[in-house]
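**Q** Taken in sequence, the protein lines are chains A and R.
For the first sequence, our numbering begins at 1 and goes up steadily by one.
For the second sequence, our numbering begins at 129 and goes up steadily by one.
Just so you know, the hints here were simulated from the structure itself, not pulled from any lab data.
Where is the CB? At the ideal position from N, CA and C, for every residue including glycine.
A few of these clues could be false.
Stated by the list, open to error - Which bits of chain R does chain A cover? Going by a derived footprint, with three or more residues having C-beta under 8 angstroms, they are:
hint : segment
1    : 212 to 220
2    : 250 to 256
3    : 283 to 293
4    : 326 to 335
Listed here are the chains, written in short residue letters.
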Amino acid sequence: MRAGGRRRWLARVGKGLLAAGLLGAGGYAATQPVERVIRISTRKFEFTPSEITLTKNEPVILEFTATDDLMGFKSAGLGVRMDIVPGKVTRLRLVPDRVGKFMFYCDVFCGDGHEEMDGTITVVETGA
Amino acid sequence: MARTIDRRDFLKLAGFGGAVFASGLSGCASLGGMGSEQEDFFFVQLSDTHWGFSGPPNPDARGTLQKAVAAVNSLEQQPDFIVFTGDLTHTTDNPAERRKRLGEFRDIVGELRVKHVRFMPGEHDASLDKGQAYREFFGAPTYAFDHKGVHFIAIDNVSDPGASIGEEQLRWLADDLGKQARDARIVVFTHRPLFDLMPDWDWATRDGAKAIELLMPYRNVTVFYGHIHQEHHQMTGHIPHHAAKSLIFPLPAPGSQPKRAPLAWNPAEPYKGLGFRRVKAETGEARFPMTEFPVIKA
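In isolation and in its complexed conformation, chain A is listed as follows:
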């Protein structure tokens, strides 16, 4: 296999593994990510950042880390949810297919202040 062909093949395999949630942090770095990664950290009782802007139809990887306790990430509007486990990087591939504001929140009860642990994903039109 020629060098260019091999690189393209590796990128395709890497994307497939990533979409299937099979690739760890080291493997992901080795495949040269082609999708934007947005790192989100959680702690009682906040997501950082809590305001995220995405572009319609642009695939992104939301990369979560929990600094203290088990948390959840749920956006009913976008139809996604994940557990965010301390000491582990949790990735969620997202391709927003419509414009709008979508609330997300912690759906694992984490204490006094849990009810305020939320944020917003704003999806804008391509080229906006």
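Position chain R against the provided structure of chain A, taking the given hints into account.
**A** Showing chain R alone in chain A's frame:
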């Protein structure tokens, strides 16, 4: 599919006026298969007392529960039993403080004249320790009992911090329901709504649809729950779901504002939006007429 019915529609459909409501819209006809043990009776539902809360939404947080107990004790006709549908205490990270609040709550409600009192946890009581402290004070959070011809089932959707009922409890529910006739009068108590009332506000149960699916074959099921700190009535198919007011602070109507922040205390109308309800079980009727009571008489 769930559908919302407003208060006026509900009254119209149920054929009641004033502050009295009825549940079991599809089962308004008299029931068959009645046992001789059936009798009319009342029970009272209190919810979301959040003992231990402090903050501007309720300047009388240390006194509202006692006022509610006094109000229930002053009812002319005392209920057969009383049920608290969760969030007995306000959450705390401190296990010792959690137990202190549970103990104080138990002491205060020990002043109720009616001694048949049923409890359920809310996420504030149980989600941080998977219900351990709650169980020490009030026992198992999942149970069933029969009373004068009505089968009552308490479903725990809060001891899992992720708001799931869980497969084990669902199997228990299926087994319990399997012993009931399809036209049995069944009342379910739970804390969170079993249906997706407002998922963006965490007003849902992750696997609540599975519980509803198990309940659907039964023609006369009614669900009473708490969590959302307001009176609310909604149908999923033929099953009515009735949310109760809180006894600490009211929350906004689903989706009426961006966030589910407590409604502000109004000194001109203290305790507004707080209260409890009396539920009547009438012999041979699937419906459960409800009467709402304030904490303090106007």
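**Q** Determine for every hint whether it applies to the structure shown.
**A** Each hint, compared with the structure:
1. 212 to 220: holds (count 3)
2. 250 to 256: holds (count 3)
3. 283 to 293: Holds, because 4 residues of the segment 283 to 293 of chain R bring their Cβ atoms closer than 8 angstroms to Cβ atoms of chain A.
4. 326 to 335: holds (count 5)
Comparing the model with each numbered hint stated earlier shows that all of them hold.
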